[in-house]
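Add chain L to chain R, keeping to what the hints say.
Residue-level listing of the chains:
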Amino acid sequence: MSALPDELLKKLQACDAHIKTTSPQQGSLLHVRVTRTALKQAATVLRNAGLYPVFMTAVHTDPHVALVYQFAASDRPLRVLLATTADKGGHAPSLTPLFPGMQWHEREARDMFGIIFEGHPDMRPLILCDEDRDLHPLLKDPKHLKTLEQLKGADLEITGGEAS
Amino acid sequence: MTISANEDRTFRMHVNLGPQHPSTHGVLHLELEMYGEYVLGIDPVLGYGHRMHEKMAETRPWQSFFANTPRIDYACSLPHSLCYASLLEQALDIEVPARARSLRIITSELNRITSHLLWVGAFLLDLGAFTPILYCFDDREQAVDILEHITGNRLTHAYMCAGGVMADTDDAILRKTREFIQRMRGRFQIYDRLITNNIIFVTRTRDIGIITPDMARAYGATGPVLRGSGVPCDIRKIAPYGGYDTFEFDVPLGSNGDCLDRYSVRLQEMRQSLNIIEQALDQLPGGPVRAKVPRTIKPAPGHYSFSVEGARGDVTYWAVSDGSEIPYRLKIRSACMANLSLLPELCQGMLLADLISTLGSLDLVIPEIDR
Numbered sequence: 001m002s003a004l005p006d007e008l009l010k011k012l013q014a015c016d017a018h019i020k021t022t023s024p025q026q027g028s029l030l031h032v033r034v035t036r037t038a039l040k041q042a043a044t045v046l047r048n049a050g051l052y053p054v055f056m057t058a059v060h061t062d063p064h065v066a067l068v069y070q071f072a073a074s075d076r077p078l079r080v081l082l083a084t085t086a087d088k089g090g091h092a093p094s095l096t097p098l099f100p101g102m103q104w105h106e107r108e109a110r111d112m113f114g115i116i117f118e119g120h121p122d123m124r125p126l127i128l129c130d131e132d133r134d135l136h137p138l139l140k141d142p143k144h145l146k147t148l149e150q151l152k153g154a155d156l157e158i159t160g161g162e163a164s
Numbered sequence: 001m002t003i004s005a006n007e008d009r010t011f012r013m014h015v016n017l018g019p020q021h022p023s024t025h026g027v028l029h030l031e032l033e034m035y036g037e038y039v040l041g042i043d044p045v046l047g048y049g050h051r052m053h054e055k056m057a058e059t060r061p062w063q064s065f066f067a068n069t070p071r072i073d074y075a076c077s078l079p080h081s082l083c084y085a086s087l088l089e090q091a092l093d094i095e096v097p098a099r100a101r102s103l104r105i106i107t108s109e110l111n112r113i114t115s116h117l118l119w120v121g122a123f124l125l126d127l128g129a130f131t132p133i134l135y136c137f138d139d140r141e142q143a144v145d146i147l148e149h150i151t152g153n154r155l156t157h158a159y160m161c162a163g164g165v166m167a168d169t170d171d172a173i174l175r176k177t178r179e180f181i182q183r184m185r186g187r188f189q190i191y192d193r194l195i196t197n198n199i200i201f202v203t204r205t206r207d208i209g210i211i212t213p214d215m216a217r218a219y220g221a222t223g224p225v226l227r228g229s230g231v232p233c234d235i236r237k238i239a240p241y242g243g244y245d246t247f248e249f250d251v252p253l254g255s256n257g258d259c260l261d262r263y264s265v266r267l268q269e270m271r272q273s274l275n276i277i278e279q280a281l282d283q284l285p286g287g288p289v290r291a292k293v294p295r296t297i298k299p300a301p302g303h304y305s306f307s308v309e310g311a312r313g314d315v316t317y318w319a320v321s322d323g324s325e326i327p328y329r330l331k332i333r334s335a336c337m338a339n340l341s342l343l344p345e346l347c348q349g350m351l352l353a354d355l356i357s358t359l360g361s362l363d364l365v366i367p368e369i370d371r
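Those sequence lines, one after another, are chains R and L. For what it's worth, my numbering labels the leading residue of the first sequence as 1, then goes sequentially. For what it's worth, my numbering labels the leading residue of the second sequence as 1, then goes sequentially.
FYI, nobody ran anything at the bench for these hints, they're computed from the structure.
In silico DMTMM-like cross-links for lysine to aspartate or glutamate, where the CA-CA straight-line distance does not exceed 25 Å: (1) R:88 with L:58; (2) L:55 with R:87; (3) R:20 with L:89; (4) R:40 with R:122; (5) L:298 with L:93; (6) L:298 with R:141; (7) R:20 with R:7; (8) L:237 with L:95; (9) L:298 with L:58; (10) R:20 with R:155; (11) L:55 with R:62; (12) R:146 with L:325; (13) L:176 with L:282; (14) R:11 with L:214; (15) L:55 with R:141; (16) R:152 with L:93; (17) L:237 with R:75; (18) R:152 with L:89; (19) L:55 with R:149; (20) R:11 with R:75; (21) R:146 with R:87; (22) L:298 with R:155; (23) R:88 with R:122; (24) L:292 with L:95; (25) R:143 with L:325; (26) R:143 with R:155; (27) L:298 with R:149; (28) R:140 with R:62; (29) R:88 with L:54; (30) R:88 with R:132; (31) R:40 with R:75; (32) R:152 with L:54; (33) L:55 with R:132; (34) R:143 with L:58; (35) R:40 with L:214; (36) R:20 with R:87; (37) R:146 with L:58; (38) L:55 with R:134.
So that you can see chain R by itself, here it is in the shape it has in the complex (with noise of 0.2 Å):
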């Protein structure tokens, strides 16, 4: 099989996909941006190429926050890092339905970045006691907030209509 099949290259342009094709030391690693709405179609193309989910997490930046998925075969030197951005009051939509073990690393960026999962089942704090689940210990101070131009290298900007 090779590396990167074609169709699956196809089916993620399919969805209004920015994509680009790394070689680092590990096989490929498939860099898709999606707008937030286009997220849960790319994730089921993923999802039907069997694809496992890796991790899910976030990063502050200024004026977003990106959120980053990554995906990987279980087959061939595969990686895919899928990126978004959840909305100004912090609302993405989940992909638990999709992928169950999404469930922990959502409620875990519910912690970290106080993201609000829409359709996600449960969204008790995961990692953090009850009396802490608004302290979103890796939101930045002021201070360090980068912006995305200053994190230009990472490709975590998401141009298109509600990107904001």
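Just chain L now, with coordinates in the frame of chain R:
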């Protein structure tokens, strides 16, 4: 059979398993909804061992995080450090000397063996067998002694560093490693006689806690949990790193996905690790063990990802750099968290005793889940 409301109240129980229960290995807390001996639902409560490693990473220079990596998964710490070191080397485009690569693999595989031995002993302890852990610790002690000589620590090995390893080793300890390989190969017969062929152990584990490949994938379960279900997914094979592609080894697989398969996968993995160590010793090159690395590490702005196969599965570090000497964001993906997250679905309707053997078979290290 009909159950009256009164009887229903008697049978229905809310039980806290942990955070102090011996079978939860540390501070895992499971809230169980029981009906007599049957488990209706599980709600794992995490966070007792939470130390906010990811925030610590954002407050100190890139190199200083090497003090944290072994403490995330203390039972198999070297793959975590290797993952972080490889991430930095990938970011800075540093070539690791051949001798350092081999030493990294030797120590990582020894660490995998110590971790699996600890698991075998603790798993059998969960099932009520006290004797095996004494044999396991006897063997584990030999490997830990070797690791102590090579790395300087018995548990949280501060050995990997950006560009190679902290210190070279000597021939005496490499001879001792060969003796350990010989000794360990003979010991598997003891384990087979004591555990694998024991009818009580087999009854407690066969057809218990069956994880299908689809379920494992949906939850992102990796490592022996996924391979026990027959999926040949080992990052050392599918995306080789650090020179693993130069060694010959098999990826042991289960077929049924039950607790017994996960046990036999880990036992066979130890044999494969011994093969890898032996090959690495046979072709151990000379030369330096550390490449020249800038005093302050400042990766170019961007994001970096690196994955290794830890004893429990896919360990991935993902970092965002803003070009300064401090990471902007570091995500640590632990295998245990994904492996544990399938437990609530897996254990519905199970007997409590089967839950204990399923929980044990996942090989959980709680600080790795909580981070």
